[in-house]
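Peer 1: Modelling step: build the complete structure from the supplied sequences, incorporating the hints.
2 protein chains.
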Amino acid sequence: MTDIVPLDHPYYLLSRTTLIMTSAFRKGLTSANITHVKPAYLGVLIALWQEDGLKVIELGRRAGLEPSSMTGLLDRMERDGLAFRSADPNDRRSQLIYLTDEGRNVKKPVLDVVDEVMGEIFRDVSPDDLCRALKVLRQIIDNANGRTN
Amino acid sequence: MTDIVPLDHPYYLLSRTTLIMTSAFRKGLTSANITHVKPAYLGVLIALWQEDGLKVIELGRRAGLEPSSMTGLLDRMERDGLAFRSADPNDRRSQLIYLTDEGRNVKKPVLDVVDEVMGEIFRDVSPDDLCRALKVLRQIIDNANGRTN
DNA sequence: ACAATATATTCCGTATGCGTAATATATGCA
DNA sequence: TGCATATATTACGCATACGGAATATATTGT
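Protein chains in written order, with this note's numbering: chain A, 1 to 149; chain B, 1001 to 1149.
Derived by calculation from the structure, the hints in this document are not laboratory data. Mixed in with the good hints, there may be bad ones.
To be verified - Taking lysine-lysine pairs in the DSS-like style, the calculated list, with each CA pair at most 27 Å apart, reads:
1) LYS108(A) x LYS38(A)
2) LYS107(A) x LYS55(A)
3) LYS1055(B) x LYS1108(B)
4) LYS1027(B) x LYS135(A)
5) LYS55(A) x LYS108(A)
6) LYS38(A) x LYS55(A)
7) LYS1027(B) x LYS1038(B)
8) LYS135(A) x LYS1135(B)
9) LYS1135(B) x LYS27(A)
As the list claims (entries may be wrong) - Derived list of chain A stretches under chain B, where covered just means 3 residues or more per stretch with a C-beta under 8 Å from a C-beta of chain B:
10) 16 to 24
11) 128 to 137
Heads up, the beta-carbon is just placed ideally off N, CA and C, and yes, glycines get one too.
Peer 2: This is the structure:
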């Protein structure tokens, strides 16, 4: 019988690494005095920095979140002064999400923090190993999507 | 400027893969009619299947969770009839966590589900690639622990 | 024996994401 | 035109994990 060790199970390794990254982002952002940007905002911010004024659904698609997850996230981002909802003049069902000035201004410092944190986290990992590992993750995600979508 | 794509960022790839595994476990367990075992219980169950009657702290150490995270988790596991707390006769500060009969009985079916789900998730990944990827995750975790602990 | 310190748990608030159901609005087809 | 269907968003409850503060109990050094 192979002895099962929770701490060496793929599920643990993955979820722990995710939590480590989340925590590192939180700390990095806090250290840089960017306390109103939470780790979960990153995907949405990056998407909006590329194209402002997206509808919730499209934003969720680009950031990889379900519509129902977007609601709370956008609530927090509005609360924290980074984005706001605005009625879509072309479709009364939908809202368009825009960055505030602050949301636009934090781009540079936030991306600096992201770079620094990533460097720190992957400090011991060779670029090649990292690249291969990420490829595996993409494979897993594609596999899951193929089965679901 | 490299165009930043949220869906290809390491942070997204990791957290998405983690969510995929959690969801797959939930579905697999549900399909097997094991609805009272939640994905988060796995680490704790595995630890207790190896050694029953551990204190919260030690259990958290083996499952990779903070003591404060254990409280709610154990509350849910008690609610779901899998484990229970019992005063430690040797140290009135601590409680010992034991499996119920049910907690012991689900071992085989749960591990079967885990095997099946893992096989499905890693279906497209070569064992060697998987092994390397997991090694990278261990490196990241070790790196983080070295910096924190 | 006692004060100072350490350990074990819990409590509480926060963040994050999901699924299901409800609501509002659009669209398409008879 | 008018109903059936599709789409966009939100509401709600649940699961999961953290960190910091509070509480209870041990242990230790003097």
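Peer 1: Return the numbers of the hints above that this structure violates; sort them in rising order.
Peer 2: Nothing - there is no hint that the structure violates, so all of them hold.
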